[in-house]
Structures are given as structure tokens and as C-alpha cells.
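Residues per chain are reported as follows:
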Amino acid sequence: DAMVIQNPRYQVTQFGKPVTLSCSQTLNHNVMYWYQQKSSQAPKLLFHYYDKDFNNEADTPDNFQSRRPNTSFCFLDIRSPGLGDAAMYLCATSSGNNQPQHFGDGTRLSIL
Amino acid sequence: RKEVEQDPGPFNVPEGATVAFNCTYSNSASQSFFWYRQDCRKEPKLLMSVYSSGNEDGRFTAQLNRASQYISLLIRDSKLSDSATYLCVVNVKAAGNKLTFGGGTRVLVKP
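Residue numbers (the working numbering), protein chains in the order written: chain A, 1 to 112; chain B, 1 to 111.
Hints may be right or wrong, so weigh each one.
[What the hints assert, rightly or not] So these bits of chain B aren't anywhere near chain A, every CB distance computed over 12 Å:
#1 Arg1
#2 Pro14
#3 Gln31
#4 Leu47
#5 Ser53
#6 Asn91
#7 Gly103
[To be verified] Here are the simulated DSSO-like pairs of lysine-lysine, each with C-alpha atoms no more than 30 Å apart in a straight line:
#8 Lys2(B) with Lys98(B)
#9 Lys52(A) with Lys79(B)
#10 Lys17(A) with Lys42(B)
None of these hints come from the bench; they were simulated from the model. Where is the CB? At the ideal position from N, CA and C, for every residue including glycine.
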């Protein structure tokens, strides 16, 4: 059974048109993460939540926002997608410090 | 210098052979270490955690060398299904809940 679920698996949007990606978890983990991964590169952390405490990476563009309305759900909002934002977006969870992260299947975002 | 470095490969491995590769980390305060496996266009999946005394899971053996600041992964009796990118992942205490990923080592097992 999937424990970290991302929807949709594939998302196509137009240049500049806002898009929201969703992630849910059944693990009841405190920490949720959003990563961007481009071809042949390591996942790049965008931000993470420890419970409701939001932690943004210094180099995450303002174009990327996140919401975590409750423990189970976390959303990634891209306000004005550019061609350079085409990537795989990965959601992950963990139970805290020193613990491994568990990834969802990812959402592959294409920009037209 | 990158925080976590890996040889990108590819390591071309005959089926049934043994392959080993390392990952170096720069921060001596690193405290947790993991190997993840990532198939093409899929999400990373935890392969194994790496413990100070070294640990084994079936055909996979992980070692940690704190003095030289590297971890290793050895795969015995390679299967075609072992073809993947192996990501070295490190947690530094000061980084809290964040993990640092290496760029990955690509392994291709061939008949």
C-alpha cells in the first residue's frame, strides 16, 4: 500500500499558468519535504515542514510556495511556471532527525 | 567541494559479478547515512541505512569509515534488476531534518 501519495503522476501546464501539486501520507510523520529533480541530477530540496513549522531553502525561488493544512497533506504551488520549472517533483516524509525519508512516486511536470 | 560526492559511473557489471563503490562526505559532523536506489524516471527508494559497524542486507553490504569520511556499498552476485542509480544520502546534525544527496552512481548490470 502506498504510504506517500502524490497526485497527479503527470501534470502539464502552460507557461505562466499556476499549478498545484499534492502530496498525502498515511505514515503520520512529522516532517514533509518537497524536492525538485531534473534529469541526471540529485533531488534538490525546495522546503520542508516540521509539523506546521515551515523551512524554506535559501535558493528556492519565490515562485514556489507550499501549504500544509494538516499532518497528512502538503501542497506545492507554482505561481507562474517557467520552462525551467519542468522537472520531477518529489514529496517525502520522515519521522524526524536521523531518520530516512520515504518518497512518493513523484509528479512529472511539463510546461508548454 | 560538494558536501557529498559520488563517482557518477556508469559501472558496467557482468551479471553475477561483484561491484563496489564509495561516497565521500565533507562534514565530519555527519551522523546518519543511507543508500537509496533510484530507477530511471522513478522516485528514490531506501535501500539501507548505514551503521557504524557496517551492515548487510542480503547481497548488499554497506560500510562506514568515519576516519576517512566515506561510506561504501557492495553488491554481490549482481542481478540485471540491480541496474539503477544509487544515491548516497547523509544527515548532518546541525541540518536538523534535512538530508544531503550525492549525485548518484549509475550501475548497469549486463548479461
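Which numbered conditions among the earlier hints are violated in the structure presented, ordered from lowest to highest? Those not satisfied are hints 3, 4, 6, 7, 9.
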